[in-house]
Amino acid sequence: MKKGEATIPLHSVIILPRWLMLGATILSGSCALAGAGLIAWGLATARGHQLGGWIGAGLGCLIGGAGGLFGTLRDWQRRLPAPLVFAHLQQDAPSTFYRRVFWPALAVTILTLILGLTWGHWHWWRGFLQTGAMLAFVSGSMEAMRRHTTRQARTVFALYADGLLDAADTAAIDDARRKNPTFDGEVTAFQSIAAKVAQMTGANTEPPHTS
Amino acid sequence: MIHETFHCWRPRLLRFCEQLLRNRHDAEEVVQDVFTKLVAQEGRYDLTKEPGVLLFRIARNRCIDLRRKKSVPTVTTTDPAAPPSGVDQDLAEALATLPFAEREALLLTAVEGLGYREVAAILHCSLGSVAAMRCAAIEKLRRRLQP
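As you go down the protein sequences, you meet chains A and B in turn.
Sequential numbering from 1224 applies to the first sequence in the working numbering.
Sequential numbering from 23 applies to the second sequence in the working numbering.
Please note that a few of the clues may not be correct.
[To be verified] If you want the ones that stay clear, here's a sample from chain B, every Cβ over 10 Å from chain A, calculated:
id, residue
1, Arg-79
2, Leu-88
3, Pro-121
4, Ala-123
5, Thr-131
6, Tyr-138
7, Ser-148
8, Arg-156
9, Arg-164
[What the hints assert, rightly or not] Only part of the chain A face toward chain B is listed, based on derived beta-carbon distances under 8 Å:
id, residue
10, Arg-1323
11, Val-1324
12, Val-1420
13, Ala-1421
[As the list claims (entries may be wrong)] Listed below are the simulated SDA-like cross-link pairs for lysine to any residue, each with C-alpha atoms no more than 20 Å apart in a straight line:
id, chain 1, residue 1, chain 2, residue 2
14, A, Lys-1226, B, Arg-165
15, B, Lys-162, A, Lys-1226
16, A, Lys-1419, B, Gln-168
17, B, Lys-71, A, Glu-1228
18, A, Lys-1226, B, Gln-168
19, A, Lys-1419, B, Gln-111
20, A, Lys-1419, B, Arg-165
21, B, Lys-162, A, Glu-1228
22, A, Lys-1419, B, Glu-161
23, B, Lys-162, A, Leu-1312
24, B, Lys-91, A, Gln-1422
25, B, Lys-71, A, Gly-1227
26, B, Lys-162, A, Glu-1409
27, B, Lys-162, A, Gly-1227
28, B, Lys-162, A, Thr-1248
29, A, Lys-1226, B, Asp-87
None of these hints come from the bench; they were simulated from the model.
Idealized CB from N, CA, C, for every residue including glycine.
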């Protein structure tokens, strides 16, 4: 690592990939807008007991979308609580549900979709399609969340081990490290391998003089 | 200016490209291309501020182009760059098995001694991505080197 590099405030680190951030923002923003549209449409056209349905559906979309939007924007730079960093990295592995369910469910979804589109008879495939899509979505989301958390944990861990976190963030992790000798060993091993790699090619860590 | 930059940065660029491509000949070709590009487009680049970021970025992009062109495998290699004498052979082999993105993040931070911000600028990614890739690379090295 560069000697004397300035510390990095953890809240300034972007954790969520930009494509995921953009996708989630568009999706939840559209949902919220659709909710507002449903309410407006209901107020303009619905009569009697139908109005309640429109407003209920609209409010559901609006609150859900706005919540999603708020959560996504907040999650973009949210930090994983320090004591959880090591715990997550230690237990990090794809869940059994994901490993067993995702690919078969995705295969069923794609297959039934192709069959439905080419052959028709949707009533035959509908049940399989809905179940497959639902299971693929749930297990896929679980895995995406796990990978996202792993990424967060790795980011925090690397910055900490390289001594680049702010004093407040470092103090929180130092505390967790003191209580857990295994965590301390992990940090030391990280630093030792980083040093070995640096020595491997006889690297000069000082930038050359270019003036 | 370019002459001076060439003498200052060539060894580091060569080392980085050699480790990344695992091939000395290709690495020399890439470094040659980097400086040819600088000479050909002299007015376009400002070498007075952060020349390292600029040079490593051009070199890295050229390495990716070359890798695509030649379909250089990420894991195995037919012409491995021989590590310097006295170097931990196991570590060199483990480093060669890392995915390309993780290897370049690790080489730039650990071997070239660049800061996270500089590496993020070179790799066109966020600072968090650099940290996550560095951590993943070191984790994999550790697992491979465990007896």
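Evaluation of the provided hints:
Here B:Arg-79 stays apart from chain A, with its beta-carbon at least about 15 Å from theirs, past the 10 Å limit. The beta carbon of B:Leu-88 sits about 20 Å from the closest Cβ of chain A, which is more than 10 Å, so the claim that it is off the interface holds. Distance to chain A confirms B:Pro-121 as a non-interface residue, since its nearest Cβ pair spans about 14 Å, more than 10 Å. For B:Ala-123, the requirement that its beta carbon stay farther than 10 Å from each beta carbon of chain A is met, with the minimum near 13 Å.
For B:Thr-131, the condition that its CB be more than 10 Å from all CB atoms of chain A is violated, with the nearest at approximately 6 Å. Annotated as non-interface, B:Tyr-138 brings its C-beta within 10 Å of a C-beta of chain A; the closest such distance is 7 Å. A beta-carbon of chain A is positioned within 10 Å of the beta-carbon of B:Ser-148; the least distance is around 4 Å. Some Cβ of chain A comes within 10 Å of the Cβ of B:Arg-156; the nearest lies about 5 Å off, and the non-interface call is violated.
At roughly 6 Å, the least C-beta separation between B:Arg-164 and chain A is not larger than 10 Å, which violates its mark as non-interface. The restraint placing A:Arg-1323 at the interface with chain B is violated, with a minimum CB-CB distance near 24 Å, outside the 8 Å limit. Because the beta carbon of A:Val-1324 sits about 26 Å from the nearest beta carbon in chain B, more than 8 Å, this interface hint is broken. Hint status for A:Val-1420 relative to chain B: holds, with the closest Cβ pair at about 4 Å, below 8 Å.
Checking A:Ala-1421 against chain B by beta carbon gives a least distance of about 5 Å; that is within 8 Å, so the hint holds. Straight-line distance between C-alpha atoms of A:Lys-1226 and B:Arg-165 comes to about 27 Å, which puts the hinted pair past the 20 Å bound. Proximity of B:Lys-162 to A:Lys-1226 is assessed by CA-CA distance (about 25 Å); at most 20 Å being required, the pair is judged violated. Annotation: proposed proximity of A:Lys-1419 to B:Gln-168 holds, straight-line Cα distance about 14 Å (limit 20 Å).
Taking the CA atoms of B:Lys-71 and A:Glu-1228, the gap is about 17 Å. The hint holds against a cut of 20 Å. Distance hint between A:Lys-1226 and B:Gln-168 is unfulfilled; the C-alpha atoms sit about 29 Å from each other, more than 20 Å. The straight-line distance between the Cα atoms of A:Lys-1419 and B:Gln-111 is roughly 12 Å, inside the 20 Å bound, and the hint therefore holds. A hinted pair counts as satisfied when its Cα atoms are at most 20 Å apart, and A:Lys-1419 with B:Arg-165 qualifies at roughly 15 Å.
Simply put, B:Lys-162 and A:Glu-1228 have alpha-carbon atoms about 25 Å apart, too far for the 20 Å limit, and the pair is violated. Under the criterion of a C-alpha separation no larger than 20 Å, the hint pairing A:Lys-1419 with B:Glu-161 is consistent with the structure, at around 13 Å. Proximity of B:Lys-162 to A:Leu-1312 is assessed by CA-CA distance (about 13 Å); at most 20 Å being required, the pair is judged to hold. Taking the CA atoms of B:Lys-91 and A:Gln-1422, the gap is about 31 Å. The hint is violated against a cut of 20 Å.
A C-alpha spacing of about 18 Å is found between B:Lys-71 and A:Gly-1227, which places the hinted pair at or below 20 Å, so the restraint holds. Taking the CA atoms of B:Lys-162 and A:Glu-1409, the gap is about 13 Å. The hint holds against a cut of 20 Å. Proximity of B:Lys-162 to A:Gly-1227 is assessed by CA-CA distance (about 27 Å); at most 20 Å being required, the pair is judged violated. Using a Cα cut-off of 20 Å, the hinted pair B:Lys-162 and A:Thr-1248 is violated, with the two alpha carbons roughly 33 Å apart.
With a C-alpha separation of about 31 Å, the suggested pairing of A:Lys-1226 with B:Asp-87 is violated against the 20 Å cut-off.
Checked against the numbered hints given earlier, the structure breaks hints 5, 6, 7, 8, 9, 10, 11, 14, 15, 18, 21, 24, 27, 28, 29 and satisfies all the rest.
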